[in-house]
Amino acid sequence: MAALGVSGLRKTYAGTEVVAGLSFAVEPGKCFGLLGPNGAGKTTTLRLCLGLTAPDSGEITLNGYAIPSDAQKARARVGVVPQFDNLDPDFTASENLLVFGRYFGMADAEIKARIPQLLEFAGLSGKADARISTLSGGMKRRLTLARALVNDPDIVFLDEPSTGLDPQARHLIWDRLKQLKSAGKTLILTTHFMDEAERLCDSLIVIDHGRKITEGSPRALIAEHIEPQVVEVYDEAGGDLAAFVDACGQLAGRVETSGETAFFYCADPQPLLTELANAPGLRYVHRASNLEDVFIKLTGRELRD
Amino acid sequence: MSFAIFPVGWLPVWQRNFLVWKKLALPSILGNLADPLIYMLGLGYGLGAMLPTIEGQPYVAFLAAGTVCASTMNAATFEALYSSFSRMHVQKTWDAILNTPLGLNDVVAGELFWAATKSLFSGAAILVVITAMGLTNGPMLLWALPAIVLTGLAFAALGLIWNALAPSYDFFMYYFTLFITPMTLISGVFFPTDQLPGWLATIGGWLPLAQGVALIRPLLAGQVPANALIHIMALLATAGIAFVIALHLTRRRLLK
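Sequences listed follow chains S and B, in order.
Once you know that position 23 of the first sequence is 23 in my numbering, the rest is easy, because the numbers rise by one and skip nothing.
Once you know that position 51 of the second sequence is 51 in my numbering, the rest is easy, because the numbers rise by one and skip nothing.
If you're looking for bench data, these hints aren't it; they were derived computationally from the structure.
Remember, it's a predicted structure, so these values are computed and weren't measured experimentally.
Keep in mind that the hints are not guaranteed to be accurate.
[Claimed, not checked] Calculated Cβ distances over 12 Å to all of chain S for the following chain B residues:
no., residue
1, 12
2, 17
3, 20
4, 86
5, 95
6, 101
7, 102
8, 207
[Said to hold, decoys possible] Just a few of them, taken from the derived set where beta-carbon distance is under 7 Å, the chain S residues facing chain B:
no., residue
9, 86
10, 251
11, 255
[Claimed, not checked] Which residues of chain S face chain B? A few of them, derived with a C-beta cut under 10 Å, are:
no., residue
12, 52
13, 82
14, 90
All C-beta atoms in this analysis are idealised placements derived from N, C-alpha and C, irrespective of residue type, glycine included.
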């Protein structure tokens, strides 16, 4: 049975269909990614899955319970890391965990027994009595993650868990999420960081305008949608990028130009690299293609607000 | 951890607010006491010296009973407006709770009972002070405590309606200017309502603060309130109906 099953999900706000017929299933013990540009419907989809708003139509099953009718029962075995920290500023780190555990009907003794291991997991062992205002952004995020685990959930929802964090803090969060996956938890993650999805997700869907545009494992999606190598060429020192694209475009499978950069997607980059060695004024980066390339190809380069 | 053994979902919400309050309990109680007592003593003795006895008691004792009622109302109202709004809108505490097995009914009920608890703290603190000053009469005053809770529940529920509609803190000013302040003046807190034009006294008599005054003032004077059951039912009905409306409006606001 799927940890989370969604079919034909629709939700309209003020005449705009924010979720427009979404279907997907999340296998237990896997990390599932819900990807999409800003405004694609990711957060609304999470709220629908948690029973915090009722769909216009469609079916949701979370941990065996029908949502939204049995959402409160389902949430007893679920943890949530929201997009914006909503820790209790009046409490210390350990008080935050205690108070949150009570919302799950846990006895104080049971919660207090869990607090040291939760803080240790979050790398906050010395911070039990620290007030929230004294914690850094990364520490708050980790405490929010610890708080989501207070009820030892089977399924953890994470809404953009590493947004706004520095690289060190981000890597620590990723490391902890991998540990949770090893411990058999199901992770459901929204993100617009493609490297995050590529590292963590076993499978993912990309949504845009409330619709699923593709699904699969990160590796399969890269193989399916995009050439394996990318050469990014920048017009930096008065070189003629347009002329270079005209002359050498046929050396790549596909060329995309965006502002002062041309992206050459190719199976064999060698002939292109040889040409670039003789092109003055142009700089380039050669790399393997990644999920971000797939994402951009599928959702376009225009800004989303 | 299942719901079978966890029937009172509002309790952990109440406990959360209580834990915050406990950290600041002393300044909070002193703050709740100081302002109403200054008014009561100033007006009660200063103005009261020029007045005859009212309903058989000195003006300061008459005003002391009114002050208990007004403070009860204010404590519940401030909590249900400013403090609940902070938790709901600014700190997003309610959003965090809604990610757990608790429902919005538990959150709003927890806030309702908490605001009523705050009004009990406030009303009881003033009760202690005025009793020490000899402004109450006899053990009947202990019955004022449940009357304070009832009054607190009614105003907590009314405040939560306004909270659910508020775009910002500024919005609460209207509630005080248009509802709380005029009601305080026509509900018999500062002077008997028979001083008012008949139609205004009639309106005042229907307002929830007047129900609280009609229960609490006689109890503090050592008398059984007239028509007690009607006033109790009126406060209960106000609390119940206002809570249902507040819950509906909050659901529309947060879970749309």
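So, going through the hints one by one against the coordinates:
With a least beta-carbon separation of about 4 Å from chain S, residue 12 of chain B fails to lie farther than 12 Å from that chain, contradicting its non-interface assignment. Remark: the non-interface label on residue 17 of chain B conflicts with the geometry, its nearest Cβ contact in chain S lying 10 Å away (cut-off 12 Å). Against the 12 Å criterion, residue 20 of chain B falls within the reach of chain S, whose nearest CB is about 4 Å from its own CB. The claim that residue 86 of chain B lies off the interface is violated: its Cβ sits roughly 10 Å from the closest Cβ of chain S, which falls inside the 12 Å cut-off.
At the 12 Å boundary, the C-beta of residue 95 of chain B falls inside the reach of chain S, the nearest C-beta of that chain being 6 Å off. In this structure residue 101 of chain B is not separated from chain S by more than 12 Å, as the shortest Cβ-Cβ distance comes to only about 4 Å. With a least beta-carbon separation of about 5 Å from chain S, residue 102 of chain B fails to lie farther than 12 Å from that chain, contradicting its non-interface assignment. With a closest Cβ-Cβ approach of about 34 Å to chain S, residue 207 of chain B is found to remain outside the 12 Å limit, as its non-interface label requires.
About 4 Å separates the beta-carbon of residue 86 of chain S from the nearest beta-carbon of chain B, less than 7 Å, and the hint is met. Checking residue 251 of chain S against chain B: minimum C-beta separation of about 52 Å lies over 7 Å; hint violated. For the restraint placing residue 255 of chain S at the interface with chain B, the shortest Cβ-Cβ distance is roughly 45 Å, beyond the 7 Å limit, so the hint is violated. For residue 52 of chain S, the interface hint holds, the least distance from its beta-carbon to any beta-carbon of chain B being 6 Å, beneath 10 Å.
Because the smallest distance between the Cβ of residue 82 of chain S and any Cβ of chain B comes to about 7 Å, under 10 Å, the interface hint for this residue holds. Hint status for residue 90 of chain S: holds, given a least beta-carbon distance of 4 Å to chain B, under 10 Å.
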